[in-house]
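Heads up: the sequence lines are chains A and B, in that order. Each residue of the first sequence is one higher than the last, beginning at 571 in our numbering. Each residue of the second sequence is one higher than the last, beginning at 52 in our numbering.
Each hint should be verified, as a subset may be incorrect.
Here are the simulated distance ranges between beta carbons [as the list claims (entries may be wrong)]:
1. E122/B <-> L582/A: 41 to 47 angstroms
2. A889/A <-> Q141/B: 53 to 59 angstroms
3. L601/A <-> L167/B: 42 to 48 angstroms
4. F653/A <-> A191/B: 39 to 45 angstroms
Keep in mind that the hints were calculated from the coordinates and are not lab data. Predicted model only: the values in this text are computed from it and were never measured. Built from N, CA and C at the ideal position, the CB exists for glycine as well.
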Amino acid sequence: MTLVRRIGTLLLAPALAVAIAVVISAVVMGLLGVDPLQVLKVMVDLGDTPTQQVTAVIAILNRSLPLFLAGLAVAIGFRMSLFNIGVEGQYRMATIMAATVGAAVALPGPLHVLLIIVVAMAVGAIWAGIVAVLKVTRGVSEVISSIMLNTIALGLASYLLTGPFRGSPDGASVVSTAEISESGRIGGLNGILDVFGLVNPPRQLYGFLPIAVVVGIVIWVLLQRTRFGFDLRATGLSPSAASASGVDARRMVVKTMLISGAVAGLIGLPDLLGRTYEYNSDFTSGLGFLGIAVALLGRNNPGGIALAAVLYAFLDRAAVPLQAASLPSSVVTIIQGTIVLAVVVANEIARRVSRQAAERSSRQTSGPVTEGSVTTGPVPATASEGTS
Amino acid sequence: MTESTPLAVELRGITKRFPGVVANADIELRVRRGEVHAIVGENGAGKSTLMKTLYGMHRPDEGQILVDGREVHFRSPNDAIAAGIGMVHQHFMLADNFTVLENIVLGSEPTKGGRLDRATARRRIREISESYSLGLQPDALVEGLGVGDRQRVEIAKVLYRGATILILDEPTAVLVPQEVDELFGNLAELKREGVTVIFISHKLDEVRKVADSITVIRRGTTVGTADPRTTTARQLAELMVGAELPTPATRDSTVRETPVLRIDHLTVPGAAGGRAVVDDVSMTVREGEVVGIAGVEGNGQSELIDAVLGLRPPSAGTVVLGEEDITSWSTRRRREEGVGFIPEDRHRQGMLLEAPLWENRILGHQTRPPAVKGAFIDRKAARADTARIMREYDVRAPGPNTPAVALSGGNQQKLIVGREMSAHPRVLLAAHPTRGVDVGAQSVIWELLKDARAEGLGIVLVSADLEELIGLSDTLHVMLRGKLVATVDPRKVTPEELGGYMTGGHEASPAGAA
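Take the sequences, apply the hints, and build the full model.
What follows is the structure in structure tokens.
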């Protein structure tokens, strides 16, 4: 009962936000002269044949992996009131470095993959570490420095791609790094479709899925169950109370940014190791910013972030079918944007509601006067000859 | 009582419910015109709720409000102001970078051609200041005013709006004894000019000094009225709590020889080149000793506590815990080695308001059992230990999972005290340990401090409550502008003398001088 209620209140705000966003988007579509119901129909239509449907689900899951990791990276910072806006730059740097290192070496299977993952995490952490060092030594706001480092990362990545790390021949239509050999790739998971007797389409479900799940669980345990996570959350709730309790605020900033950056470094890997095998000028962009929205919608909780990532991936997938049905695919962006706005408002409302509920329940047990004790009647007493 | 003139304020059967709670029930209040009427009661007894009702901040569910014999219905404070009721809040609401004049007229500015008519404003403020002897300088910046002056500005602000009935919410809480006397002088002036004053307080001696009549509130309802001339403070207090009263006075000295905390020539620099906020402070706390630090707030007490806790780096001097020099230790190490901490502002330094009680149990003790096992939080043990603290320290809350924000100030404070005591500290830094808690919780906390002292705990006590300081301390230092300016014998000193030292009125003198 209480568990159901707890989960209910947890889901309340995001569900409310999504509902509000859908309504607002419908109104906008109506104003643009697009039929919202038709849009909805196209969005939920995953295809006619089983093959199409399974392919659509795989596309959603594949897309949700980087979104989940991005949301996770942002959420780690959010939990201690640290706004890591630099996830975008962190994963771009991490991916190009990992792709280059991965292509340059040849190692036995698991080791090769492990090396790529470690390089990606290290580069992401270093890039985020710059932000942390600037903050604790110079007091630079992490928002400003991480946004600026995004621009630097994008510029640096294109320089590296067209210059020293270029692996594609001159005149190729897409500039890319050299390809990672077979041993450094992670195969698809479509085997499990056969186990469940489902159609096995050519589109492969990324083998990075279990790794992402493990990362999610590790982060959850770290935040919710460890001393370190307690210090981190305490700092987020009240920096002054945390430092009085013995948390070294500066060290905490550095550690948190390093972890956030390390997770951010993983964002590009599902695509890199499962599909492209190289970093190129077309590599998926914008995941860092979407991660902020996903983290907000998921209320900084790994479970919630997973749900939010799937929702965003579902919306993203709808863009192509919408175009095919000659409907504006920008409705996806509109919905995603309004969700962010609505979720910020809804989270605040939910926070106040639950706070009031808690205050009420506490007052019932400890309040100065409860219904019951008053009905027994006040005892008028006069200490001395009163004036009345 | 003469029945011919109507009462200035009369409340009949006022009841105010909040969801699940009755904050006020059957309140009866009769205030005559031109008197100072005190309303006393513990924190949480319902005084504020009642005053908010009278000031139109919310509407009562039952009962009548009569002003000058006519029934009124206030929908907002504006209605109350229109009916001549004004309120001076406990926390001043003044803009620092405005002048006295600007602050007073703010919100009801006299205008001439769309511009602030300073001449008119200045004339009216002068009139008010003179007729009530408030001594205001309209063009002084509020920034440079002391607490007492600020309070007079607040009072003038209310009078400027034509109030004839003044509600003062805990007006003496922020004042030193000398300022309190000045305030009482002002109140006498107001009374002479026919202004009615409703004075909310829980400081009974003051109430008896200034009030013409007293109404006592307990557990949300009026339990009686009293005549200050014939009622002792003790009788009043017992009426207020409905039980025997605690006193802060300690019994026998438990001071032992071994020092647990030695502060040597500690200096903490002020903001960028300013005067040192803690200036060459030296003191020793021995086992079983309570060392009190008296001082007007903002004279370096908070910074001294922060420095001992390792939150503020000193520029000179040492802090020695037991035998070890801890000056370079981190806050965490100091806490692990037995420095307990009751912060002056529990919301800022003592609690995670949004977090459940059991997480607040862990706060400050993240590295020690029972709350942690290795690198992990032991949620079960933390919850169980929180339940124990709630039981043993009388923290009234539904359970360990309740968020801390839902608790009253007294219960939050008892949880903090319980948590700190549970770690068996060697030294306890207690800053205003009973601030904003009710008499019940106050006596519990005093008893806990006394028991811990008897067991050999050394306590540094910073407080604004002079009775608490005098009653609990074995040694009492006075801090002024970052320096320890006097050491007095708490058994001999009076609050008035202490107030003198605190404001720099006396020269530094040896213990017991009077």
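Evaluation of the provided hints:
no.	hint	verdict
1	E122/B <-> L582/A: 41 to 47 angstroms	holds (44 angstroms)
2	A889/A <-> Q141/B: 53 to 59 angstroms	holds (58 angstroms)
3	L601/A <-> L167/B: 42 to 48 angstroms	holds (46 angstroms)
4	F653/A <-> A191/B: 39 to 45 angstroms	holds (42 angstroms)
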